[in-house]
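Novice: In case you want the letters, here they are:
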Amino acid sequence: MFPFISFEWMWDMGHIVFMGGLWYAVSILGIGMTYCIIKAALDTQKGDDGGHHH
Amino acid sequence: MDSALIPEGVKRCPFPQFLTGLAVVGAVLAWGVFAMLLCWLKGLNQTNMNDSYGFALWIWADLAVIALGGGAFFSGFLKYIVGKDELKNIINFAVLIGFICYSSALLILAIDIGQPLRGWHIFWHANVHSMLTEVAFCLSCYFGVLTIEYIPLILENRQIDKIPFFHNLSHNMHEVMAVFAATGAFLSCFHQGSLGGVAGVLFGRPFAYREGLLVWPWTFFLFTWSAAAYGPCFTIFLTKLLEKITGKKLVKDNVIDLLAKISGWMICTYIIAKIIDTWYWASVTVHTRGQTLMDFYDDNLLYGLWILVAEIVVGGIFPALILLTKKGRSSESLLWTAVILACLGVCINRWVMVLQVMAVPVLPFEDWALYYPSWQEVATTILPVAYGVILVMISYRYLPIFPQERELNPVES
Amino acid sequence: MTQEHRKEKKYGMVIDLDKCTGCGACMVACMAENNVPFKKDETDKLKSITWIRVYKLTNGKPYPNEEICYLPRPCMHCEGHNGHSPCVTVCPAIATDYDRETGIVSQIPTRCFGCRYCMGACPYHARYFNWWDPVWPEGMEKSLSPNVSVRMRGVVEKCTFCFHRYQLASEKAALDGRRELKEEEYQTSCTQACPAGAITFGDLLNKEHAVYHLKKDHRAFRLLERLGTNPKVYYLSSREWVRRSGDNYHPDEKTGEIISHH
Amino acid sequence: MSIVDEKAKEVDAADSPAESHCATSVDDGNGIAGLTILFFIVGFTASLFVGWIVFPKLLYSEKQQPIDFNHAMHMELVDNGCESCHFFRTDGTYSGVPKLAQCIDCHQEVQGDSEHEAVFVEEYVSKGREVPWLIYSRQPDCVFFSHAAHVQLAKMDCVTCHGHIGESTSLKPYEYNRITGYSRDIWGKELKNYLGLKTNTYDRMKMNDCAYCHLEETGRKSSVSTEKDGCFVCHK
Amino acid sequence: MKIDRRCFLSLGIGVAAGTALSPLPWKAMDDSSIWSQNWPWTPVPPDGEITYTDSTCTLCPGGCGITIRKIDHRVVKIEGRKDHPVNHGGICVLGLSGPQLLYGPTRVQSPMKKINGTFRKISWNQALAEITEKLTTLRAEGRSHTVAGIAGSSRGTVSGLLQRFLTAFGSSHFYSPSSMEDSFSQTHIQHQDKKTIPGYDLENSNYILSFGAGIIDGWGSPVRMIQANSAWKTKKIKLVQVEPMLSSTAAKSDQWLPSNPGTEAVLALGFAYVILRESLYDPKAIDDHSDGFKAWGAHILNNYHPDKVAEVTGIDSQTIITIGREFGRAGKPVAICGRGQGRTPVSVAEMNAVHALNVLVGNINKTGGVFTLPEPDYISWPEIVLDATADSGLRARPISMGGEWLHRFPNAVTGNEDGINFLFVANANPCYTLTDTKEAIKAFQKIPFKVSFSSYMDETAKLSDLILPNHTYLERYEDIPVASGLRNHLVGLIKPVVDPLFQTRHTGDVIITMAKSLKGSIEASFPWKDYSECLKTGLGRNWNAFTDKGYLELNYIPEFEEVPRFAFQVPSEIPQIPLEGDESKMGLILIPGDSLRLSSGDIGSPPFVMKTVPDTVLKNNDSLVQINPKTAEKLGLKKNGYAVLKTPRGEKKVKISLSQGIGENVISFPRGLGHTAYDDYLSGKGVNFNELIGPVEDPVSGLDVAWGIRASLTKA
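Protein chains in written order, with this note's numbering: chain A, 1 to 54; chain B, 55 to 467; chain C, 468 to 729; chain D, 730 to 965; chain E, 966 to 1681.
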């Protein structure tokens, strides 16, 4: 699962493509959520209620 | 009693009535939980699975709910990527259904494995060549996406929304939702596909085995396609059902019509592909291995040729034809028929791709293996249904799932 | 430092069905060797762990023209294409693996988490699931061998070609400073027990081993060869209907005919 | 219905201060934020403390060896080093921890004036009971480890895996994991072992330690799934 | 500042983040997984030194050499002994399961006495004192002849000691089971008035004609027979199997002759007709070693024309002619008989008919033929000392010294005035193996005091009043004489592989102790300190060779010497043993189908053996009866449906298994099921065949030669 750490890891196409795609997706989700949370915290700090979206 | 939590401008049933409903479904849930605990504590001897049926009811249920939950990713894809903005009126519900389906699937998988405490081996010791690994990774990631998509809905609850942080968080998440949806669609394509791949790569099982493209057998693409095609039907079906139960119109006809039409086209194209696949499989793939189509259909009650007809004609061609015509979509009864048939069709497909694979003998001197589930298996399969009903009940009551509800059902004050 | 490698081997079996009497000794020899558990009722054969199972084949003709052939079926240790046997590729956690050095498909019960995908992948039904906790009547656990790990409930197990015997033989050889084993030093429990001498075991690549020659016998066939599983267990039968029972054929096809496919 | 509505109103009323609080929170935002951050830090450090310090303490339990064995002293008395007592059997298997029968030759009578020696002779030798030694390096049952392959063929030293136990004058307490039942020496004792780091080859005896050494030393890539040594090299 | 829910949320997030960054969740996850690999209720077999010990298997009469693998002091595996003349490394399912008997739950762990219907542990001293008291009283009352003994075999030192004890005590009641060998002894072979046992040199034969002998189903010494079968396959030697059903032997034979059940003797005479007609016999051998050939030959030629034989046997005349010719021309052919495992004798008429074929081709005492061997005789003991009581006891019920057929035992209890007052049972389980089991058990229960020497809680032990458990065969010394159709007799040595696990005692020792406590002439008849001394001195100069090799080969007859004379007997009108039962009421014929995958003898099948039983034989707790689909259809029976199987001796509920390997109106299921004792792995599973059949005595020999019984099947 993890390069360098997992015993099963190999630097072959299977791992690079599959795990690469996967880590890519996970990082988008992670970064996206982190962004949202931090921005929400900052917005709250600023007292901005972000407007009503519905 | 709980009116402070109920979205503004909509009417909900009295709280005691709600509680009674919860209790009834909760009892079913408790039955399922009891069966689940039995399976965990005593082991899988509680099931009727056996060495010929390593995959059985549960895996079917998994595949079926994920196919049915495909409405979430596909409508997300349509709304955020293709830009069908009308779908925003049904996407919340689609996300909720998806969330229920995927969490159920994960729960069933956790019961289904013989050593739940070692479940994490699939991640940590992953074999990237295994379709199941792909399923596990994409499934859990996509479940994460669904959670991310579901969170803003929760945050929109009247009380939670009052907290500025959550209000802002919800707002920000909506802003970047397209990115999440795109990631979700990407992941979905792969896990839906890999679920198809689970059967398709089994070259020791001619009934399941399919040739394909690169590492992916044709079933990979067929599964993704069919989930995208049939998933929306399930969304429509549940929306319609919920409208029946609540006695309210929740989504405007044009939204349903659009989704139904897209679904119709998808099913139509899918079923053509499926027919080609079946024909190619029967006349080439299987033929070179010394078998013919009829070797895989027996005169036993369960796996006669009828099941192929039911899957392709009744559960495929019929609903496709209905959904493709304006008349079919606008007739309440025809639409009902179409979505129900479609849901059955995809469920039969998943059943066939799991259980019939196990049932068909491969060694010429072996016999058909038949199986029926134990009550523990049935209970644990109903468990997620009960859980889903509860989650829908709560979400519908307290969250603004249907943006058009207020407009369609003005409350006299 | 890279040590000298062992010669590549493909351990395999040749089972002479003309000699096999269906006595079941291979099954029990295997169970006794490999700590296979048993239950009070073992009549549900779909829930009964027998790493090697003796099948009874019939020619399907009515009395008195019926013929019977017994066919012991261990794990085929399929090589598939390049070691990608049906089960190895599907295991999500690498609990089962193909070893190029020995040609043996390993199964590690402690890694396995019991998804049973491999069982679905195996067309030979050579894989068994521990539906129950393995329980021995009080005192009988004394008869268990320490050379084979007892499998816990909830995992898959299968024939290992008595790999622990390879390990033990290698240890003895190591003491003599040898890396390679002689044919007789590594034999499976079923091979050793078979009163009919129907089972021959050895390295299919080694000209000095009996299996190397036996597999070329005109009576030889393998099970479901047409699926591309590339099994390492060969069968010998002088009866055409038996050889034809080893695979699926269209009526116009000759027994043993394989249409190449990828 | 009306009752419910009334109740609903009550709840609304009760909730209204919170609403007003929300409205005011903007004013003293800094204070609230500070407190929030403080709580976060408290939770964060507390759980780090629990996870890194308290948990390992709870996880491991200590046992004393039945007899305090002096390796160093015995080493002086024997001619053949470790193999004098930890020897290979003729079939290539390894005898491991000596059985009573091996000790009896010298220890029929009490040797020296050590208290442990007296207990040994009294409790074990004269009663014919085997000593229930606690083995620091005991591996799980699924592991097949060939001492012959490592010592005879690969010419490895005992120290590589077992450390300098041969030079010890007394046995350290046996720490074992309450969940797994295995010795702590398998997993490593140092804090850095948690991160998979080690100074000496014998600091840890987990599967990865075996596997990486095998990869380095043998270079074999016979496993189709991992391109490393096959599973059955070390598993049974 | 106010602590509100935000703070707690924040705290929660902090805890979650901190925990995730600590080893706690990960280590707990890893450890819980290791825990699951190491569940305390899953046994971990302790490691130790591997050693091997040779011994002999006693679980059937086959006498295979075994090699026992031990880890320290534990038996972990039994394998075939590679350098053993009987089995050359091969072994069967039962032999392999030995450790399960040693360590199994069926062991009787100490002497047990039945008090008010339940067994209580008692001490050896108590048990022996009680026996001494009872026996002393019986003797004093002049009823010494009402003490009886049953042994699993009439050979060997333990059986010999029991027989000796009874004789010295003053009783002739010694019973042991009969088999195909006894049929052979009863044939009309004159051989210095000695009992003659057949030895088949099958490895060197070049044509095998088997009249129902389950060559690979457990006949003779099972592993040796399977090996012989393999050798025939390699050498392309033809095996012809005459049998009414497609047994494994029939299935593996080169030609199966599906004869009508019970017509084997007629068919044999049909072959004799061909040999006579075409002059394929060996005139010199017949001249030299037989009498009555002319009359017999004329009778055969007049009465056994193939067409006529075909009518009776169901084998067409052309086949009879072909096989008869092949047999006559083969050179080193051999004809054998003894249905199934050969544990049930065949009639003298049948044995004569089959043996006549061998005599005709002159293969007696010739390579590849039949050897006529004497009873194994290797033990030399001093004469028995008989006092007056013993003398009168023996006179009260005179009987031949060879003992009596076991099937007559129930009658001995019920059908005679004095009855039996005291019974010893050693290495036998008559309450399971006797046919018409229910009646046999009734007779058994009539005996006031029964002592069982069984190591296991078998049916007989369970019904006894006192159990004096013997060591198992892995814990004791004993000699195991093996005949079982071997070319030469062989005596296997069993020796202790592990120290006795429980408070058991060697039956030989117990008998010697009993004799000593009875004093007088009985004590004098047992001049040994203990059993090992008895065994050692009994074997005399053979002892060293015996212990060195682990077996003793008894080479009696050099080839071509001493061919005994055979008296050709003109067979009676139809040399067939009639079936019990009324054909008009019971239209089916039930025959046993012996299989190596079930132990049908004294020892119940251990769990491993039960695991090999196919689901067409046993499903859950039901026995399945093999029936031809046509017969089933006629009777309205469906596959896996329940039916009531009725014979004149009993009635059982069974399931239906359709089989194309069995002829119409014949049904079959194997012996070895339906145990009521032993453990949960065996008890209560299936139907005991013996309960459905009863003894039918051969008018000539008095042996029980029942080969089947009429039966009916009705849908349940």
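One or more hints might be untrue.
Stated by the list, open to error - Sample of chain C residues with no beta-carbon within 12 angstroms of chain E, all distances over it, derived:
id : residue
1  : R567
2  : P613
3  : A687
4  : R689
5  : E692
6  : Y716
To be verified - In silico DSS-like links for lysine-lysine, alpha-carbon gap of 25 angstroms or less:
id : chain 1 : residue 1 : chain 2 : residue 2
7  : D       : K935      : E       : K992
8  : E       : K1484     : E       : K1494
9  : E       : K1604     : E       : K1550
10 : C       : K514      : D       : K921
11 : E       : K1584     : C       : K506
12 : E       : K1494     : C       : K528
13 : B       : K303      : B       : K216
14 : E       : K1086     : E       : K1617
15 : C       : K506      : D       : K921
16 : E       : K1035     : D       : K856
17 : D       : K921      : E       : K992
Claimed, not checked - Label pairs and their in silico Cβ distance ranges:
id : chain 1 : residue 1 : chain 2 : residue 2 : range
18 : C       : N549      : E       : A981      : 43 to 53 angstroms
19 : E       : K1200     : B       : F419      : 24 to 34 angstroms
20 : E       : N1605     : B       : F419      : 14 to 24 angstroms
21 : B       : A164      : D       : V779      : 20 to 30 angstroms
22 : C       : E692      : E       : N1169     : 47 to 57 angstroms
23 : B       : I135      : A       : G20       : 34 to 44 angstroms
24 : E       : N1605     : B       : V363      : 22 to 32 angstroms
25 : D       : A830      : E       : R1373     : 32 to 42 angstroms
26 : E       : N1090     : D       : A830      : 27 to 37 angstroms
Treat the hints as calculated values from the structure; they're not laboratory data.
Values in this document were obtained by computation on a predicted structure and should not be read as measured data.
The C-beta atom is built at its ideal place from N, Cα and C for all residues, glycine as well.
Novice: All the hints need checking, so say for each whether the structure fits it.
Specialist: Outcome of the hint check:
1. Its beta-carbon lying about 27 angstroms from the closest one in chain E, C/R567 satisfies the requirement of being farther than 12 angstroms from that chain.
2. Listed as outside the interface, C/P613 is inconsistent with that label: its C-beta sits roughly 4 angstroms from the nearest C-beta of chain E, within the 12 angstroms cut-off.
3. For C/A687, the shortest C-beta to C-beta distance to chain E comes to about 16 angstroms, beyond the 12 angstroms cut-off, and the non-interface label holds.
4. For C/R689, the non-interface assignment is confirmed: its Cβ lies about 21 angstroms from the closest Cβ of chain E, beyond the 12 angstroms cut-off.
5. No Cβ of chain E comes within 12 angstroms of the Cβ of C/E692; the nearest lies about 25 angstroms off, and the non-interface call holds.
6. Here C/Y716 stays apart from chain E, with its beta-carbon at least about 22 angstroms from theirs, past the 12 angstroms limit.
7. With a CA separation close to 13 angstroms, the supplied pair D/K935 and E/K992 stays within the 25 angstroms bound.
8. The straight-line distance between the Cα atoms of E/K1484 and E/K1494 is roughly 14 angstroms, inside the 25 angstroms bound, and the hint therefore holds.
9. Between E/K1604 and E/K1550 the alpha-carbon distance is near 24 angstroms, which keeps this suggested pair within the 25 angstroms criterion.
10. Straight-line distance between C-alpha atoms of C/K514 and D/K921 comes to about 46 angstroms, which puts the hinted pair past the 25 angstroms bound.
11. Taking the CA atoms of E/K1584 and C/K506, the gap is near 14 angstroms; set against the 25 angstroms cutoff, the hint holds.
12. Taking the CA atoms of E/K1494 and C/K528, the gap is about 65 angstroms. The hint is violated against a cut of 25 angstroms.
13. With a C-alpha separation of about 28 angstroms, the suggested pair B/K303 and B/K216 falls outside the 25 angstroms cut-off, and the hint is violated.
14. Only pairs whose Cα atoms come within 25 angstroms are accepted, and E/K1086 paired with E/K1617 is rejected, the gap being roughly 35 angstroms.
15. Restraint check for C/K506 and D/K921: the C-alpha separation of about 47 angstroms exceeds 25 angstroms, so the hint is violated.
16. Note on E/K1035 and D/K856: the hinted pairing holds, with a Cα-Cα distance of about 24 angstroms set against a maximum of 25 angstroms.
17. A hinted pair counts as satisfied when its Cα atoms are at most 25 angstroms apart, and D/K921 with E/K992 qualifies at roughly 14 angstroms.
18. The beta-carbon spacing between C/N549 and E/A981, approximately 45 angstroms, falls within the hinted interval of 43 to 53 angstroms.
19. E/K1200 and B/F419 have their C-beta atoms about 29 angstroms apart, which keeps the hinted 24 to 34 angstroms range intact.
20. Distance hint for E/N1605 and B/F419: a CB-CB separation of about 19 angstroms, consistent with the stated range 14 to 24 angstroms.
21. Checking the proposed 20 to 30 angstroms range against B/A164 and D/V779 shows it holds: the Cβ atoms sit about 27 angstroms from each other.
22. Separation of C/E692 from E/N1169 is about 39 angstroms and departs from the stated range, judged on CB atoms against 47 to 57 angstroms.
23. Between B/I135 and A/G20 the Cβ separation comes to about 22 angstroms, which falls outside the hinted range of 34 to 44 angstroms.
24. Distance hint check for E/N1605 and B/V363: the Cβ-Cβ separation is about 30 angstroms, which falls inside the suggested range of 22 to 32 angstroms.
25. Separation of D/A830 from E/R1373 is about 55 angstroms and departs from the stated range, judged on CB atoms against 32 to 42 angstroms.
26. Between E/N1090 and D/A830 the beta carbons are some 34 angstroms apart, a value that agrees with the proposed interval 27 to 37 angstroms.
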